[in-house]
Every structure is written in structure tokens, then in C-alpha cells.
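> Residue-level listing of the chains:
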Amino acid sequence: MQSEWPLWEVFIRPKNGLHHIHAGSLHAADAVMAIQSARDVYTRRNEGVSIWVVESIHLHASDPDDADMLFEPAKDKIYRHPTFYELPDEVKHM
Amino acid sequence: MDEQWQPLDHFLLMRGDDCLILGHRLSEWCGHGPILEQDMALTNISLDLIGQARLYYQLAGERLGRSEDQLAYLRNERNYLNAWLVEQPNGDFAHTIVRQFFFDWYENALLEALERSKNDRLAAIAAKSLKEARYHRQYSCEWVIRLGDGTEESHRRMQAALDRLTPYVGELYQNHAFHASLIDDQVIPDIAGLWSPIEQQMVEVIRESTLTFPVMPSLPARGREGIHTEHLGFVLTELQYMQRAYPGSTW
Chain A
1 MQSEWPLWEV FIRPKNGLHH IHAGSLHAAD AVMAIQSARD VYTRRNEGVS
51 IWVVESIHLH ASDPDDADML FEPAKDKIYR HPTFYELPDE VKHM
Chain B
1 MDEQWQPLDH FLLMRGDDCL ILGHRLSEWC GHGPILEQDM ALTNISLDLI
51 GQARLYYQLA GERLGRSEDQ LAYLRNERNY LNAWLVEQPN GDFAHTIVRQ
101 FFFDWYENAL LEALERSKND RLAAIAAKSL KEARYHRQYS CEWVIRLGDG
151 TEESHRRMQA ALDRLTPYVG ELYQNHAFHA SLIDDQVIPD IAGLWSPIEQ
201 QMVEVIREST LTFPVMPSLP ARGREGIHTE HLGFVLTELQ YMQRAYPGST
251 W
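Listed in order, the protein sequences are those of chains A and B. Taking our numbering, the leading residue of the first sequence gets 1, the next gets one more, and so forth. Taking our numbering, the leading residue of the second sequence gets 1, the next gets one more, and so forth.
Chain B on its own, in the form it takes in the complex (with noise of 0.2 Å):
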């Protein structure tokens, strides 16, 4: 990560960049969904992420002096603090839903208490966001429920994906040693001490989707300090392609 980042730079950064990496993940859909119908609300979805980065972006950038497209386009891997969980591969339809309900429970108490911050813009950008997040969550845990509780197949597809991202969840309530200050200053909340409550609401909704919430040991995951898995650099070549290939290239 770049030694002139502040505390607040990188929680922004983080923020934007799990927001992109996952939108941009739910764009690969486009034009590949299930029906008509899902290809369209996973691309809202999309959609609505990115423009939730641009607006960490636009802030960060006006304290770093960079444009959000700078940031978005032209930091390297190892400067993207997004989590683990955000950059895994589509895979199925589970596996892309799975992705959704643990990112959205997240973001749903991340944006709640970001909501009360002292930090003005920060908290003007979490109630922009929380309108979109509370459609996100009720959107990936209806289908949890419906496809955990619906066929044999869909059953065994679900629980698949749940045994493959569970691991991935703990690195998202880890709270980072460079934000001690931002949560003394009740900038950010302590994110830690989101995690108990919002554990039982998942179990609720996956008790009613008769799958079973795997007992498995958080991955040493390291998103937060731009170490990532094998997958975000394919990502990133194809999201900075075009800046990568023709600079400063505009509409």
C-alpha cells in the first residue's frame, strides 16, 4: 500500500475497491444470466456497486489529488484493499448468490453505523448507499432461501458454494490496525463488534433455507494490505484495459 495514504484514505479505498471489484465481478454476468429477468437485477446490482466506488472514490481522490478514474484505473494490484471474498470467480449462480448474502449482510451493518459518523461525507455517502444495500440483502437472501429449500440439484449447488465462501467471511469484520484512530474519533465503527449480531441473522436465514452454515476456520486473508488471491489481477487487466492500453483515453 502507498505510504502517503492516511488512515481515512484507506478506509475509503477499501471501501470503493470492495465495491468495484464485486460490481465489476456481477458485470461478467451481463448478457450470461439465468432469464432475462436475473442477467437485468444482477447488472442493477452491478451498477448500483459502482456507483457506490465512485462516491469513495470522488473523496479520496479530492484528498489525494487524483481522479476516481486514477484510482480505479490506474493503482496496481498490490494497492487494492478490497476483500477476498469480493474478487472470487462468479462460478454458478450459488456461488455468485452466496458471494451476494456475505458481502450484503456486511455491507447492510458496515453502512448503518457508517450512517452515524462524525465524518459528514462519509456519513451522507452510507445513507445514499444503505437504500440500495437493504434491496441487495433482501434480494440475495430470498434466493438463498428459495434455492437452498427448493430442488435437490439447486440444494446441492447452494451448499457447495457455502462451504467454498464461508472461509472467506472473516476477513470482512477484521478490524485493520491502521484504523485504530478513525474508530477512537467515531469515524468508522469498531467493525469487529459487528460481526455477533449480524452472524445470527445469517443463521436464521439459512436455517430457513435448510442449508447448513459450515463450521470452518477464517482464511488468513489479507485484502486489507493489497495482498490478494491469484484472481484480482485478471480482474484488474480487464477493468484497466482500456486506460492501460490507450492513456488518458476518453469517451
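Chain A on its own, in the form it takes in the complex (with noise of 0.2 Å):
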């Protein structure tokens, strides 16, 4: 039998409109838990109006031997941002 409790992700939305980050993980035995460990272990300053779990078994990662064929590619590829725009100035909150 396993005596560990399983690992969770923790995921919090830090208002309304933006999207949730991972804030770090908990050990807990079902979702129920994770999400109350969650409340009192993430959010206690204030920090989220939204709570999402996984347990860390689902999540699947790149290999970091990979990085390099990964994302070095990209690094002088600068014209992929959008910094080159000319913005009118009604344009605001970009």
C-alpha cells in the first residue's frame, strides 16, 4: 500500500480575467483536499480568486536534454514579436 498521499499541481488565477499560473504543488489524498490544501498553503495573501489542481501524474514534459533543439531555435528569431508596429496612439494597453 502506498503511504504517501499523491502529488498535486497547483494552478491560481490571480484575478478575473487573467489566466492561472502555477503556483507549486501539495501532497493530498483526493482533489477535495488538494484544493482546500491549496486555499490555505497558496492563497492566503490574497493571491487568487480561482483554484485548479492536477495531480502531477498527468502532466507530461518536454526533456530537458531536448532544450536545445527545442528552443534554441527561436532565440534570433526576433521578427516573431510584434515590436515592430507602429501603434496609433488611441491604441491603448498594448
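Just to be clear, a hint being listed does not mean it is correct.
[Stated by the list, open to error] Simulated DEER-style distance windows between Cβ atoms: (1) A:D63 x B:Q243: 57 to 63 Å; (2) B:G248 x A:V49: 28 to 34 Å; (3) A:P88 x B:E115: 38 to 44 Å; (4) B:R222 x A:A29: 39 to 45 Å.
[What the hints assert, rightly or not] Examples of chain B residues lying across from chain A (beta carbon under 8 Å, computed): (5) E37; (6) M40; (7) N44; (8) D48; (9) F213; (10) M216; (11) P217.
No lab work stands behind these hints: they were computed from the structure. Every residue gets a Cβ at the ideal spot worked out from N, C-alpha and C, and that includes glycine.
Since each chain comes alone in its own frame, lean on the hints to assemble the complex.
This is the structure in C-alpha cells:
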């Protein structure tokens, strides 16, 4: 029998309109406990308005050894950033 | 109890003392929780309760010409009005959860009624505290079910805690003779009247937890008169140590 509770990843939405951001992880027996513990551990300082939890085993990650292959090629392609457009003054919040 | 206290002072101190003493008990778990997540959950509840105690002490203090710190740190055991339940030792996690479960149901019922108090200040304190109290009750109910309907050992420990602490519940739902005028003026509810709807709901949770709600007589508890079990003195010794040893000291 497994003696440790499974690990969960916690995602917090800082405020309505923003997306959930990974906040950390915790151990819990099930989703109900995970959300409750996430509330107690990660929202004590008014960090959020919504919580997502997902069991860590359901996350699939890229292989760190593939980092060069996956991410290096994007580094010299600055033209992919939309920084070359001139914005009219009327457009705000960009 | 102090002779200069009016009924409302007595009620405010009773409320503040319940919250402070239970908050202090829960703070004893800090660094000793079964896992980090529950350590923080219990200390969060502790801080909520100590925050609520301050609201009652501030209001009582205005009326009595004393600061909230004086009320918390310089009152003797015989002038503390908390119920016997909240001064009981933490015991194992099961005892802490059952104590919390009993308190949370009482607390929610009382605050819901106090929200309609004719005293605006008291109604405001209740409205603010109720959001925290609802979470506390959800937390303790889930643990009662989880541990009652858990392993053989968790069930046994929970049943032992229920058997040990049930006799302390009756005191919570007793009207105090000194409060009659407050009830008449609709400043506070008829506290005895809160019991039967609450009992049904607690029985439902306990049934789901597969535990047995013991049928036991209530203890002749007299916390509201300042008569306490042996445990409160030790709590106050620790709680009040700094102000007693270094009078007037501040951060």
C-alpha cells in the first residue's frame, strides 16, 4: 500500500480575466483535499480568486535534454515579436 | 466575574474568549501538524479565530475603558468566560478535529443569528466572521467524514474523540441568566433554540462518517461563570507570560 499521498500541482488565477498560473505543488489524498490545502497554502496572502489542481502524474513535460533542439532555434527570430508595428496613440494597453 | 460588567460586556467577552482560547489551542499545532498542508490549515484557522477575538475585545474594551491587550493578557482565569470545550487539550489530530467540528457548528449557527442583531456593531462582527466560520466548518466536516470513514485506526481514534468531547457540547447551547435582557432586546438570539436544527445536521455528518454520536449527559460546565477545568490555567500561563513577566512590553 502506498503510504504517501499523491502529489498535485496547483494553479491560481490571480484575478478574473487573467489565466491560472502554476503556484506550486502539495500532497493530498484526493481533489477535494488538494483544493482545500491549496487554498490554505497558496492563497493566504490574497493571491487569487480561483484554484485548479491536477495530479502531477497527469502532467507530461518536455525532456530537458531536448532543450537545445526545442528552444534554441527561436532565440534569433526576433521578427516573430510584434514589436515592429507602429501603434496609433488611440490604442492603449498593448 | 467582574461586577462592573453589563450583560453585553459579558456576552462580548464570552465570544472573544471562546475565539481566543480555541485560536491559542490551534496555534499549538504550529510546527507539529501531521503534514505541512494541515499544519498551515490549522494555523490559518487559529489566526482567523484570534482575529475574531480582537473584534469582540475591541468593542468590549471601548465600553470598559480597557485595551484589547489588557483584556486578553491581564485578566485572570476566573474572569475568562470561554466554554470548557475550547480549553480542552489538542490530544491527537482526531480530538482537535472533533473539538473543531463541535465548535464550528455552534459558531456558524450563532453568527448567522447575530447577523440580525439589533446592535449594529455586533451584527457587523458576525457578518465579517461568518465567511471564515463557514470555511472552518467545511474543513472540520470533511475531516470528520474522511477519518471516520477511513482506516480502522482513524475510525477508532475519531470515535474515542467523539466519546470524550460530546459531554462538553451542552454548555455551548445554554442561555445564561445574565443575558435575558439581551435576548429580549434582540441583541443576541435565544442560544438554546439554536440546538435542535444543528443537532440534526451534525447527526447527518456523523452518520455519513460511519461514527456513532454517543448519547451522553452534558457536563455541569460553568465556563460562562468563570469556573474552568484544570486546563485553562496552563493555557493562560503561556498566553500571558510576556505581559506578566515584562509588563507593558511592546513589539
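> All hints, please: hold or fail.
Now for the hints, and whether the structure bears them out:
In this structure, D63 of chain A and Q243 of chain B meet the distance hint of 57 to 63 Å, their C-beta atoms being roughly 59 Å apart. G248 of chain B and V49 of chain A have their C-beta atoms about 42 Å apart, which leaves the hinted 28 to 34 Å range violated. The hinted window of 38 to 44 Å between P88 of chain A and E115 of chain B is violated, with their beta carbons roughly 53 Å apart. Separated by about 41 Å at the C-beta atoms, R222 of chain B and A29 of chain A satisfy the suggested range of 39 to 45 Å.
About 4 Å separates the beta-carbon of E37 of chain B from the nearest beta-carbon of chain A, less than 8 Å, and the hint is met. A hinted interface residue such as M40 of chain B counts as satisfied when its beta carbon comes closer than 8 Å to some beta carbon of chain A; here the least separation is about 5 Å, so the hint holds. The interface hint given for N44 of chain B is met, as the beta carbon of that residue sits about 5 Å from the closest beta carbon of chain A, less than 8 Å. Taken as an interface hint, D48 of chain B does not check out: its beta carbon lies about 11 Å from the nearest beta carbon of chain A, beyond 8 Å.
Taking 8 Å as the C-beta contact cut-off toward chain A, the hint placing F213 of chain B at the interface is violated, the least distance being around 23 Å. Interface hint status for M216 of chain B: violated, as the beta-carbon distance to the closest one in chain A is roughly 31 Å, over 8 Å. Using the Cβ-Cβ criterion of 8 Å, the hint placing P217 of chain B at the interface with chain A is not satisfied: the shortest such distance is roughly 35 Å.
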